[in-house]
Amino acid sequence: MTLEEELVSKLKERFGDRILEAKVQRARRVFVTVDRSAYKDVIRFLRNDVGVTHVSTISGVDAIDHFEVIPHLSYKGIVVSVRAIVPKDKPEIDTITDVIPGALFYEKEVHEMFGIDIKGHPDLTHLELPDDWPEGLYPLRKDVKLEELFKRITKERD
Amino acid sequence: MSSIVDVPVGPQHPALKEPLNITCYVDGEQVVGAKLRIGYNHRGIEKAGEYQTFIQNLYIAERICGICGIVHAFDLAQATEHIIGKEIPRRADYLRTIGLELNRIHSHLLWLGVAAHEIGFDTLFMYVWRDREVVMDVIEDFTGNRVTYALVTIGGVRRDLPQEKAEKMLRVMDALEETVKKYKEMCLNEKTIRMRCDGVGVLRKEDAIALCAVGPTIRASGVPFDVRADDPHAAYDEIPFKVVTYDTCDVTARILVRIDETLESINIVREAIKRMPSGPIRARLPRAVPVGEGVGRTEAPRGEVIHYVRSNGTDRPFRWKVRAPTLANLLSIPVMLTSKGDYVVYIADVPITFASIDPCLSCTDRAVKFVDVSSGKSWVWTFSQIKRMYWKDKPCWRERP
Amino acid sequence: MGLVDWARLRSPWVLHFNTGACNGCDIEVVAALTPRYDVERFGIRLVGSPRHADILIVTGPVTKQVEKRLKRVYEQMPEPKFVMAVGNCCASSGAFRNCYNVYPGLDNVIPVDVYVMGCPPKPEAIINGVVKLLEKLKKLKGGAS
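Top line first, the protein sequences correspond to chains A, B and C. If you use our numbering, the first sequence corresponds to residues 1 to 158, in order. If you use our numbering, the second sequence corresponds to residues 1 to 401, in order. If you use our numbering, the third sequence corresponds to residues 1 to 145, in order.
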């Protein structure tokens with residue numbers, strides 16, 4: 001069994017059907033989809049039981065009918081992407097900074113770009129957006145169009 | 001323990017024009033804490049990416065960072081190729097490797113000059129940048145441009161390396177190796193450099209791991225984390241090289257890691273030219289990328305770069321996420337700038353500590369806001385003011401054993 | 001032509017300001033100072049304060065965050081002052097034309113005297129830009145007096 005397959009089987013063994021999907025795309029690329037309620041437990045398991053210490057980044061995705069929060073973890077060269085499904089009617093998720101402190105900036109970015117509340121995060125002020133950015137305008141959401149964002153810069157575009 | 005009182009600085013200081021705001025909390029000459037505010041460089045590339053084709057995004061990717069642009073184009077291409085699921089020609093892997101390593105060499109030399117400038121050694125800065133020009137020539141010869149190469153495309157590379165150019169490259173690498181070895185000797189033996197860098201900007205191994213630092217920053221803290229070795233891509237699976245680590249966790253270690261890596265990169269370029277297979281340099285891949293997701297990753301000069309791509313069957317990405325290495329390393333700056341127990345950070349250490357993570361921000365002067373925790377006073381000094389005050393006419397402003 | 005004009009013509013002092021650039025243009029501007037190109041032999045000197053500068057060299061697409069600071073730096077420069085826009089991003093937002101946080105060109109924010117095109121322009125092109133600016137200054141002063 002490859003290391004990737006071993007990882008997948010460990011997760012399935014520990015979490016059963018709280019793992020919605022787990023696949024090995026290719027060498028060193030594992031994609032796991034979990035329910036939001038299992039998200040923090042999965043990260044904790046990976047950190048404490050498997051020994052994964054490095055989070056490369058956290059991608060937020062607006063998948064039209066739901067949001068996704070995907071921390072990409074690095075374990076012995078394998079990128080383990082743990083996708084948590086976040087419903088749009090209640091966009092919030094637990095922080096993982098108490099498990100892996102290095103996730104601090106990445107969670108701030110997901111919050112400011114998508115408007116997903118990160119419960120327990122020590123400081124959700126803007127990371128990259130300016131201080132005078134309008135409240136409630138989350139640039140990477142699909143329903144926010146580029147033209148709308150341009151209006152902040154100039155009255156008319158060529 | 002005095003309370004920290006933040007007094008507003010007053011009208012905008014003209015030097016506070018940087019992509020980054022640093023606030024240092026001081027108690028006399030000692031720095032007891034630091035805070036960062038980033039974001040002045042935010043352009044909105046990820047949003048723009050959803051409105052442009054994959055090919056167009058390669059060009060904007062390369063301009064995420066002009067110094068290491070090729071790594072971003074490479075990661076985007078790699079993630080997309082993973083989704084498409086086709087392998088690219090082997091020769092293209094080798095050519096990409098040469099592009100990536102030449103980029104590393106130029107970037108590390110650039111940084112060495114900037115670091116020299118930050119410890120008050122402008123002469124060394126001039127020498128290094130003069131010597132770096134031969135690398136820029138070789139890059140221009142190979143890719144057609146000094147900066148922003150447009151070498152990588154989806155499916156391979158756009159330019160080949162003919163025999164005469166490869167031979168010229170080898171000659172330049174040989175000469176460069178001698179030069180870089182001299183710089184290494186200088187950095188090891190020059191008393192002033194050692195006095196200004198030893199024990200400065202310390203990032204302990206446990207902190208580096210907890211804060212998910214990357215690149216030379218974490219390798220100088222003894223952690224052998226290098227994406228080229230852990231997650232082999234391009235031709236790194238076939239070309240032997242050493243992952244350079246040092247374990248003194250300070251600025252000197254970071255200087256030595258980068259110099260040694262430059263020497264390793266010179267070797268990698270030589271090996272890549274020697275072992276390069278013949279064949280096509282590009283596979284024609286479909287413009288419309290099938291539904292799926294991919295993660296592209298490589299080791300930029302500053303550390304791990306990661307791109308996440310999600311496609312929806314069209315020729316535009318549904319989602320494109322980029323994480324450049326400096327963001328990962330910025331978290332470590334407040335830790336490096338906090339005095340704790342025996343570890344004392346002085347104001348004079350601030351410029352070089354900050355520069356030691358090789359931040360991919362503008363190379364110009366930076367302003368730091370200082371807040372004295374006992375008096376509550378605050379003021380702004382630029383890096384060049386700090387250097388003038390502390391380094392001018394003195395090898396080291398404080399005595400060191 | 002007065003003494004001050006002659007001095008300004010022979011030895012322009014330059015302030016470099018990055019408005020959110022990728023650093024490509026910045027490293028070529030800095031490279032112009034290094035021994036291979038050595039603009040200092042033309043008397044060109046990089047200064048740290050807008051109050052000492054004759055020429056403002058701007059790189060990068062102007063991001064919304066940096067706009068106020070850029071204007072302030074421009075206002076603090078003493079007359080006569082000149083602005084050189086280096087790189088495609090300054091001329092027209094360049095590669096970032098679909099980015100929501102950048103202006104479509106530096107001249108939307110401050111007046112520009114010389115545009116140096118390229119992505120990034122080579123150091124030779126940047127030096128050429130400064131020379132063109134000096135010619136412009138010469139014509140201006142020559143005509144006026």
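It should be emphasised that the hints constitute simulated quantities derived from the structure, not laboratory data. Watch out, some of these pointers could steer you wrong.
[To be verified] EDC-like mimics (lysine to aspartate or glutamate), calculated; alpha carbons at most 20 Å apart, straight line:
1. C:138 to C:113
2. B:35 to A:147
3. A:142 to B:185
4. C:71 to A:131
Hints and how they fare:
1. C:138 to C:113: holds, 13 Å
2. B:35 to A:147: Violated, at roughly 35 Å.
3. A:142 to B:185: violated, 55 Å
4. C:71 to A:131: holds, 18 Å
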